[in-house]
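Visitor: Heads up: the sequence lines are chains A and B, in that order.
When we follow this note's numbering, the leftmost residue of the first sequence carries the number 79, and every step to the right adds one.
When we follow this note's numbering, the leftmost residue of the second sequence carries the number 5, and every step to the right adds one.
Treat the hints as calculated values from the structure; they're not laboratory data.
Every value quoted in this text rests on a predicted model; they were computed, and no experiment measured them.
Where is the CB? At the ideal position from N, CA and C, for every residue including glycine.
Please note that a few of the clues may not be correct.
[As the list claims (entries may be wrong)] Distance condition first, Cα-Cα at most 25 Å in a straight line; then the derived BS3-like pairs of lysine-lysine:
| hint | chain 1 | residue 1 | chain 2 | residue 2 |
| --- | --- | --- | --- | --- |
| 1 | A | K112 | A | K122 |
| 2 | A | K361 | B | K114 |
| 3 | B | K106 | A | K440 |
| 4 | A | K115 | A | K374 |
| 5 | A | K336 | A | K374 |
| 6 | A | K439 | B | K24 |
| 7 | A | K361 | A | K119 |
| 8 | B | K114 | A | K439 |
| 9 | B | K128 | A | K440 |
| 10 | A | K374 | A | K338 |
| 11 | A | K119 | A | K306 |
| 12 | A | K440 | B | K229 |
| 13 | A | K336 | A | K195 |
| 14 | A | K439 | B | K106 |
[Unchecked claim] Pairwise CB distance ranges, derived in the manner of DEER restraints:
| hint | chain 1 | residue 1 | chain 2 | residue 2 | range |
| --- | --- | --- | --- | --- | --- |
| 15 | A | L132 | B | E118 | 47 to 57 Å |
| 16 | A | E133 | B | P57 | 34 to 44 Å |
| 17 | B | E150 | A | E213 | 46 to 56 Å |
| 18 | A | P352 | B | P97 | 44 to 54 Å |
| 19 | A | A212 | B | E118 | 58 to 68 Å |
| 20 | A | E133 | B | R131 | 54 to 64 Å |
Each chain is listed here by its residues.
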Amino acid sequence: MADLALQGHLEIPAWLAQQHEVKLLDFNQALNSKSHKERWKYTKAQPVLDLLKLEARAPHVTINGRAVTPATTGHGSIQSPLIANLADSPEAYLALCNQHLHSLDIACSDADSALIKIELEHTHSTQPLMIKIAENTTVELIERTSTENDLHQTLWIALGAGSRLVHSRNDFANGNRWRYLKVDIGQDAHYNLQNHSTGTSLHRQDIHLRCTGPGAHAQISSAGYIPKAKHLDQQVVVEHIAPNTSSQQIFHNIAQDKAKVTFNGRIHIHPHAPGTVAHLTNKNLGVGDSATINTKPELEIYTDDVICSHGATVGQLDEQQLFYCISRGLSPLAARQLLSQAFLQQCTLGVLAEEATNNFKKLNG
Amino acid sequence: MTLLEVKDLSVSVADNAILKGLNLVVNPGEVHAIMGPNGSGKSTLANVLAGKPDYQVTSGSIWLNDSNIEDLEPHERAHAGIFLAFQYPVEVPGVSNMEFLKASLDCLAKARDEPQPNAGAFLKRVRKIAQTLDLNPEFLKRGVNEGFSGGEKKRNEILQLLLLEPQLAVLDETDSGLDIDALQVVAQGVNSYRNENNGVVLITHYQRLLEYIVPDYVHVLADGKIVQSGDKGLAQELEKKGYAWLT
Ligand SMILES: Nc1ncnc2c1ncn2[C@@H]1O[C@H](COP(=O)(O)OP(=O)(O)O)[C@@H](O)[C@H]1O
Ligand SMILES: [Mg+2]
C-alpha cells in the first residue's frame, strides 16, 4: 500500500497544536501506522482524506424546533471529548485542522426539565460540531442526511454526569460519506445510538464511544442495507475506562449482490474498570450472489471481573423460516423480503424507525 | 370430486425411502386421522403434501380437486387450498404475528381473486379468533411464535387455520405438548373449521385428541405405508394394544 499523504498546505491551528501537541510529523506517522492500515484495510483512506478538503459549512441545527447558530469555538476552550489519541483517528483531527469547530452547550434550566430535542440536517459537508450536554440533562438528538453530494461530517459529544442522550440517525441518500462520531459518556450517563443506513459507493462510519465515568452506559442498535455493488464500512470502538460501566451493541447488515460490507467492532476494557459488562453482536445476511462481508469483533481486556460477549455471524435467510412463510401463501420473493425486513427490524428503533423502515422497504422491494 | 387423492406415493429424504407406496383418499367433509409410531413417516407425509423442498417423490402422485399438484411450488399449493399446521412451528423474530397473518391472507385473497380484507375488519376478525382460542391479544403484536410456549405455538397454528380457511387442513401432531384444557380449545377450533366442503388430515400419536375431534376414518401408518384403516374404533384398539401387533 502506498503511503498516505496529506495535502501540502495543511496547517495545524495553534490551539490544537498547543493543546494536543499535534505536529505535522505525527499526522504522517498516524496515517501510515499499522493500526491505521488495519482500520482502512477494506476502504481506501485517500478518498476520505481528499473528501476532507471539500468546503464544509456550519451545521444546520435546531433546538426544540428553533434554528440556532452554534458558537464558533475559539482557541483553548476545548476540553473533553476532544482529548484523545491522534492515532485513534487522524482523519478526525484533520477535520479539526481544515475546518472551523462549532460547539453547542446544552443544559436544562431548573424550571423546565422537559426533553430537549436537537435536530441536525445534513445537506452538505459540515464543519465539526461538538455538543456538550450538561449533567442531569435529557436530550434527544435527531440526525438526518438528505443530500446526494459527497459528505464528511464530524461530531463530538460529551455527556455530563447523569445525563441521557438518545441519538437517532438516518442516512439513506446516495453519495460518498465519511462520518465520524465520538462520544464521551460521563458518570451514570446513558448514551443510545439508533443508526440506520444504506450503502453507497463509499460509506464509512467511524464510531468511538468512551465510558469515562463510573456507571456510564452505551448502547447501539444499527441496521444497514447495502444494495448491489455498494459499500458500507463500520468501525466501532467502545472503551470502558471507568468501573461498573456497560455497553450493548447490535449491528445487523444485509448485503446484496457484489456489495462490500465491513464491520470492525472493538471492545476495549481498560485496567481499573472492574464490573464492566459489554456485549456486541454483529449479524450479516448475504442475499444474492457474491457479496463480500468482513466482520471482525475484537476484545481487549485489561481488568478481571468483567462480563463480556461478542459474536459475529455471516449467513443467509433461514430455510425453515422461508418454508414456513411460503407454506402460508407468500411467494418465495415476498417471503425473502419479509424475512430481510424482519432481520433489519430487530435493529430499527426509535423516532426515526418508521422512516428507516420505509427506506429499507424501498431498497428491499 | 375427491378433495385429496394420494396414489401409491413413495418419498425419499436424503436418499432414504420413507414413504413406500402410500394411498389415501379424502372426500369433502371428511376427517382422516393418521396414527402411527414415531418415525413411521407421518410428518414426511404432511411435509410432502405442503411441498417442502428436500422431499423427493420417487413414484406415485398427489391430486387436489382432481388436479395434479406435485409440480406446484409450496405457495402455489397454499393458493390451491392446502394448509399445514406444523408439528414444530417456526419462530420468525422481527415479523409481528399480525403482519404475518395479514401478509398470508392478502396473498391468498389475491390468488383467489378475492378483494383484500380491509384493515379494520381484519383486525376485528383476528382478535375474535384469538379469543376463541384463549390466546391473549398481546400475542398478535409479538414476533411470529417468538418466545411462545409449545401450547401457544400450536394454538397459533389453529388461529392461522381459522383465518386462512383452506380447503384441506393437514394438522401434524397439533395435540402434542398440550394440556387437557388447551387440547379442548384446539379441538373446538378445528371442529368450528369443519364443513361439508373442506377436509382434515389429522396426524396424531395419541388417541386422546380423537375423543374431541371425531374422525370419519382412522389409518395406521407404519414403515411408510397405511397398514390398517378403520373407523374411530380402531383408534381405541390402538390405545389398548399399541402398534406392535400391526407390523
Ligand atoms: N430431513 C430429513 N432428513 C433425514 N431423515 C429424515 C428427515 N425427515 C425425516 N427423516 C426420517 O424419516 C423418518 C420418518 O420421519 P417422520 O416423517 O418425521 O416420522 P413421524 O412424523 O412419523 O415421527 C424418520 O426415520 C426420520 O429420521
Ligand atoms: Mg412427526
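Visitor: Please go over all the hints and tell whether each is borne out by the structure.
Guide: How the hints compare with the structure:
At most 25 Å may separate the alpha-carbon atoms for a hinted pair to count; K112 of chain A and K122 of chain A meet this at roughly 15 Å. For the suggested pair K361 of chain A and K114 of chain B, the alpha carbons sit about 34 Å apart, so the restraint of at most 25 Å is broken. With a C-alpha separation of about 20 Å, the suggested pairing of K106 of chain B with K440 of chain A holds against the 25 Å cut-off. The suggested pairing of K115 of chain A with K374 of chain A holds, with an alpha-carbon distance near 15 Å, which does not exceed 25 Å.
Between K336 of chain A and K374 of chain A the alpha-carbon distance is near 19 Å, which keeps this suggested pair within the 25 Å criterion. Among the hinted pairs, K439 of chain A with K24 of chain B is inconsistent with the structure: their alpha-carbon atoms are about 45 Å apart, more than 25 Å. A distance of roughly 20 Å separates the Cα atoms of K361 of chain A and K119 of chain A; the hinted pair therefore holds under the 25 Å criterion. About 21 Å separates the Cα atoms of K114 of chain B and K439 of chain A, which keeps this hinted pair within 25 Å; it holds.
Among the hinted pairs, K128 of chain B with K440 of chain A is inconsistent with the structure: their alpha-carbon atoms are about 29 Å apart, more than 25 Å. Taken as a hint, the K374 of chain A and K338 of chain A pair is honoured in the structure, with Cα atoms around 14 Å apart against an allowance of 25 Å. Restraint check for K119 of chain A and K306 of chain A: satisfied, since their Cα atoms lie roughly 21 Å apart, inside the 25 Å limit. With a C-alpha separation of about 49 Å, the suggested pairing of K440 of chain A with K229 of chain B is violated against the 25 Å cut-off.
Distance restraint check for K336 of chain A and K195 of chain A: the Cα-Cα separation of roughly 39 Å exceeds the 25 Å cut-off, and the hinted pair is therefore not satisfied. The suggested pairing of K439 of chain A with K106 of chain B holds, with an alpha-carbon distance near 17 Å, which does not exceed 25 Å. A hinted range of 47 to 57 Å holds for the C-beta pair L132 of chain A and E118 of chain B, which are about 56 Å apart. At about 56 Å, the CB distance of E133 of chain A to P57 of chain B disagrees with the hint of 34 to 44 Å.
Look at E150 of chain B against E213 of chain A: about 39 Å separates their beta carbons, and that is not inside 46 to 56 Å. Against the hinted window of 44 to 54 Å, the Cβ-Cβ separation of P352 of chain A and P97 of chain B comes to about 34 Å, which falls outside the hint. At roughly 60 Å, the beta carbons of A212 of chain A and E118 of chain B sit within the given window of 58 to 68 Å. Separated by about 57 Å at the C-beta atoms, E133 of chain A and R131 of chain B satisfy the suggested range of 54 to 64 Å.
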